[in-house]
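> Protein chains in written order, with our numbering: chain A, 30 to 420; chain B, 30 to 420.
Just so you know, these hints were derived from the structure itself, not from any lab.
Just so you know, not all the hints are guaranteed correct.
Because identical chains share one entry, a pair is satisfied inside a single copy or across any pair of copies.
Computed list of lysine to aspartate or glutamate pairs in DMTMM-like fashion (alpha-carbon distance at most 25 Å, straight line) [as the list claims (entries may be wrong)]:
no.	residue 1	residue 2
1	Lys343	Asp176
2	Lys306	Asp176
3	Lys306	Glu166
4	Lys300	Asp270
5	Lys296	Glu140
6	Lys333	Glu90
7	Lys333	Glu91
8	Lys128	Glu326
9	Lys45	Glu310
10	Lys333	Asp144
11	Lys128	Glu342
12	Lys343	Glu132
Protein chains: 2
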Amino acid sequence: MAPPFPRGEYAARLAKTRGRMQEAGLDLLVVSSPDNMNYLCGYDAWSFYVPQALLVPAADEEPVWVGRGMDSVSARLTTYLPDRNILSYADDYVENPGKHPMEQVAHVIRELRWDRGRIGYEGDAYFFAARWLQVLEKGLPEARFVDAYLLVNWVRTVKSAAEIEMLRQAARIVEHTMWVAIDAVEVGRRQCDAAARISFSQIEGTPAFGGASPANPPSILSGENSATPHAAWGDEPFLADTATCLELSGCRHRYHSAMSRTVYLGKPPQKMLDVAKATGEGLEAALETVRPGILCEDVDAAWKTTIGRYGLEKPSRIGYSIGLNYPPNWADHTASLRAGDKTALEPNMTFHLMLGMWMDGWGFEMSETFRVTETGSESLTRFPRQLFVKS
Amino acid sequence: MAPPFPRGEYAARLAKTRGRMQEAGLDLLVVSSPDNMNYLCGYDAWSFYVPQALLVPAADEEPVWVGRGMDSVSARLTTYLPDRNILSYADDYVENPGKHPMEQVAHVIRELRWDRGRIGYEGDAYFFAARWLQVLEKGLPEARFVDAYLLVNWVRTVKSAAEIEMLRQAARIVEHTMWVAIDAVEVGRRQCDAAARISFSQIEGTPAFGGASPANPPSILSGENSATPHAAWGDEPFLADTATCLELSGCRHRYHSAMSRTVYLGKPPQKMLDVAKATGEGLEAALETVRPGILCEDVDAAWKTTIGRYGLEKPSRIGYSIGLNYPPNWADHTASLRAGDKTALEPNMTFHLMLGMWMDGWGFEMSETFRVTETGSESLTRFPRQLFVKS
Numbered sequence: 030m031a032p033p034f035p036r037g038e039y040a041a042r043l044a045k046t047r048g049r050m051q052e053a054g055l056d057l058l059v060v061s062s063p064d065n066m067n068y069l070c071g072y073d074a075w076s077f078y079v080p081q082a083l084l085v086p087a088a089d090e091e092p093v094w095v096g097r098g099m100d101s102v103s104a105r106l107t108t109y110l111p112d113r114n115i116l117s118y119a120d121d122y123v124e125n126p127g128k129h130p131m132e133q134v135a136h137v138i139r140e141l142r143w144d145r146g147r148i149g150y151e152g153d154a155y156f157f158a159a160r161w162l163q164v165l166e167k168g169l170p171e172a173r174f175v176d177a178y179l180l181v182n183w184v185r186t187v188k189s190a191a192e193i194e195m196l197r198q199a200a201r202i203v204e205h206t207m208w209v210a211i212d213a214v215e216v217g218r219r220q221c222d223a224a225a226r227i228s229f230s231q232i233e234g235t236p237a238f239g240g241a242s243p244a245n246p247p248s249i250l251s252g253e254n255s256a257t258p259h260a261a262w263g264d265e266p267f268l269a270d271t272a273t274c275l276e277l278s279g280c281r282h283r284y285h286s287a288m289s290r291t292v293y294l295g296k297p298p299q300k301m302l303d304v305a306k307a308t309g310e311g312l313e314a315a316l317e318t319v320r321p322g323i324l325c326e327d328v329d330a331a332w333k334t335t336i337g338r339y340g341l342e343k344p345s346r347i348g349y350s351i352g353l354n355y356p357p358n359w360a361d362h363t364a365s366l367r368a369g370d371k372t373a374l375e376p377n378m379t380f381h382l383m384l385g386m387w388m389d390g391w392g393f394e395m396s397e398t399f400r401v402t403e404t405g406s407e408s409l410t411r412f413p414r415q416l417f418v419k420s
Numbered sequence: 030m031a032p033p034f035p036r037g038e039y040a041a042r043l044a045k046t047r048g049r050m051q052e053a054g055l056d057l058l059v060v061s062s063p064d065n066m067n068y069l070c071g072y073d074a075w076s077f078y079v080p081q082a083l084l085v086p087a088a089d090e091e092p093v094w095v096g097r098g099m100d101s102v103s104a105r106l107t108t109y110l111p112d113r114n115i116l117s118y119a120d121d122y123v124e125n126p127g128k129h130p131m132e133q134v135a136h137v138i139r140e141l142r143w144d145r146g147r148i149g150y151e152g153d154a155y156f157f158a159a160r161w162l163q164v165l166e167k168g169l170p171e172a173r174f175v176d177a178y179l180l181v182n183w184v185r186t187v188k189s190a191a192e193i194e195m196l197r198q199a200a201r202i203v204e205h206t207m208w209v210a211i212d213a214v215e216v217g218r219r220q221c222d223a224a225a226r227i228s229f230s231q232i233e234g235t236p237a238f239g240g241a242s243p244a245n246p247p248s249i250l251s252g253e254n255s256a257t258p259h260a261a262w263g264d265e266p267f268l269a270d271t272a273t274c275l276e277l278s279g280c281r282h283r284y285h286s287a288m289s290r291t292v293y294l295g296k297p298p299q300k301m302l303d304v305a306k307a308t309g310e311g312l313e314a315a316l317e318t319v320r321p322g323i324l325c326e327d328v329d330a331a332w333k334t335t336i337g338r339y340g341l342e343k344p345s346r347i348g349y350s351i352g353l354n355y356p357p358n359w360a361d362h363t364a365s366l367r368a369g370d371k372t373a374l375e376p377n378m379t380f381h382l383m384l385g386m387w388m389d390g391w392g393f394e395m396s397e398t399f400r401v402t403e404t405g406s407e408s409l410t411r412f413p414r415q416l417f418v419k420s
């Protein structure tokens, strides 16, 4: 249960984070996103439903983990941190209207004498609620608080060689899982029974390396639900003459490679064949555009030009940076492939190129996870680029 | 894909919520937790990774859903709301440093002329980040903001007959799944392979009703991990002469019934047999105490007295209100079974009585989900109360 990366990898991540902290003029960063905590110290436990944080000082001192007492054992098991840097709060701080765990985090910051400078927090993260900031501000009156949302996420956006290897393993899992999924979509079978087979495959992984529960559950959009990307599946059976969109991922040590494909049960209508053809060409055009120095919006522009020839448009972004994450989402939340995003591509950025065509009452999806290489792009997920037709 | 409860159920929930809004002097409640949005209007989609909200006015008008454009289709498919009450923001508001979806929520509130009174928000919810409040405050300068965290959760804490039926179905799923899990824990098998079988069973459900991905993934704590409650499982095999703690749930229309049991591979040491015996007696003592009017802390006291006779103690709470939820957690976040919690039990409150004994380097878990009845308690999850020994 040691961290999955060598010690030097974490040191490099911390150094890059400190570089960005210096640019932002921060003396301390309160990291509360489970993804960023994992990234910086290896911490991996399903404990992010209660407040916890990694305190990262700008000065050359080891970060300090603060969390619930029962989870400090996980911190000792999964991080490289020395025991003295693992601090915890008593259990009655959990979900107690009279107390708040952030009071304890503020207390630790004061004890460490880190309370007098500029303190960054992750202001738009899932796991930094409005009240947390209020409690920290009250407990640390000498500090100046600065919203440093995405500071660590931007460091994460360019992956190391070891991270790319994790994404490759995750890609092997999702490739296998997609075959399982296409096989599982059958007229008359309940959608939940297909979801069960898909989850089994995602978690089992391969004989060489196991999988995990991804940050998003299997997305199975069948029939009328294929017109919208995030609908829940249920007990309903798959019906003849309908499309089912499958957006799945493999997950390895919390690194995700995602992929979508669409299955049609019966003889697909011409409009679906047309959209499938246009989407496939658009996918290739987008990938061919990718190389270092190109902007995110350029990739979207190539896609738009191609599908425009077919009279199609897509109002939503066509992809986003992907990698290390926990529920509810596998995205890095930094670069998006869309008009207006001026992020320049760099080698070893990784994206989920997600071409979801949600039409009026039906839909079609095709997507891949790619890596920016020194000269172009490499699809990490390799799978036939087609509409799958089952009769 | 209509809402899973009849229209009158939602009307009753809304009326109770409005009663509490009146007590709190609120003119409007901004509900952003996916659990509370689901509870009040049926909305069910994996879209809570971007900002969204249900606006609930104190006045007798229908609530308004505001979310991302692509998710408005899910709102039409899964809620009872009329189309005119489903409003959305453009896709470039998503993860865009120059814009924020809460600007659009503020805009809608202004357009509806709901911007001049006291506006409640869910200040400590997973899905109400610090920046959301800042953006709302800036966009609604005439409003007075009031932290109304848990207002809807407290309404949810007493379940309706229809909700109890959902929890019963979830209980059938977790009972079946626990047998699958006990069977899956075998010397030499990878932990991820057991997790795959468990997830399959959770999602497949029963022939009569399907399951879902629960709010928490399977908790499988084996060997040294059994000393801490939230550790992740991985590729490691189950080892002979170790305990494995299993904390699982069934999930039906997002309603959870949870249950824990422990498996020992080999001949269990006497100390584990002793803890198992004490825990089983403590569980029965706790349940026998339950009846309307008893306080949450009384249940904990009965448990403490019983295990104290064995020289044992448990520093953390022994349970919490459970029901409708999304990741990362299945708890209602209201009442806890622990010293100091003066919540009086009422009929149709439901709790996960979670007896996790995390010791130095090992652990033992046994738990059940129970309902408070008119005269006592009823275990929703029925399963042999014992340590499971496999040789």
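> Next step is simple, just say for each hint if it's right about the structure.
A quick look at each hint next to the structure:
Taking identical chains as interchangeable, the C-alpha atoms of Lys343 and Asp176 are never at most 25 Å apart, the minima being 33 Å within one chain and 38 Å between chains. In this assembly of identical chains, Lys306 and Asp176 lie within 25 Å of each other by CA distance neither inside one copy nor across copies; the values are 44 Å within and 51 Å between. Within a single copy, Lys306 and Glu166 get their C-alpha atoms no closer than 55 Å, and across copies no closer than 47 Å, so neither meets the 25 Å cut-off. For the identical chains of this complex, Lys300 and Asp270 are intra-copy neighbours only, at 13 Å inside a copy versus 61 Å across copies, given an alpha-carbon limit of 25 Å.
Neither within a single protomer nor between protomers do Lys296 and Glu140 lie at most 25 Å apart by alpha-carbon distance, with minima of 69 Å and 47 Å respectively. In this assembly of identical chains, the alpha carbons of Lys333 and Glu90 never lie at most 25 Å apart, being 49 Å within a copy and 42 Å across copies at closest. Proximity of Lys333 and Glu91 under a CA criterion of 25 Å is satisfied in neither setting, with 47 Å inside one chain copy and 39 Å between copies. Only between protomers do Lys128 and Glu326 lie at most 25 Å apart by alpha-carbon distance; the minimum there is 17 Å, versus 47 Å within a single protomer.
Taking the shortest Cα distances, Lys45 and Glu310 never come within 25 Å of each other, neither inside one copy (38 Å) nor across copies (53 Å). Within a single copy, Lys333 and Asp144 get their C-alpha atoms no closer than 50 Å, and across copies no closer than 39 Å, so neither meets the 25 Å cut-off. Proximity of Lys128 to Glu342 under the C-alpha cut-off of 25 Å is restricted to the inter-copy arrangement: shortest distance 23 Å between copies versus 51 Å within a copy. When the C-alpha separation of Lys343 and Glu132 is checked against a cutoff of 25 Å, the pair qualifies only between copies, where the shortest distance is 23 Å, while the shortest distance within a copy is 46 Å.
When each numbered hint is compared with the structure, violations occur for hints 1, 2, 3, 5, 6, 7, 9 and 10.
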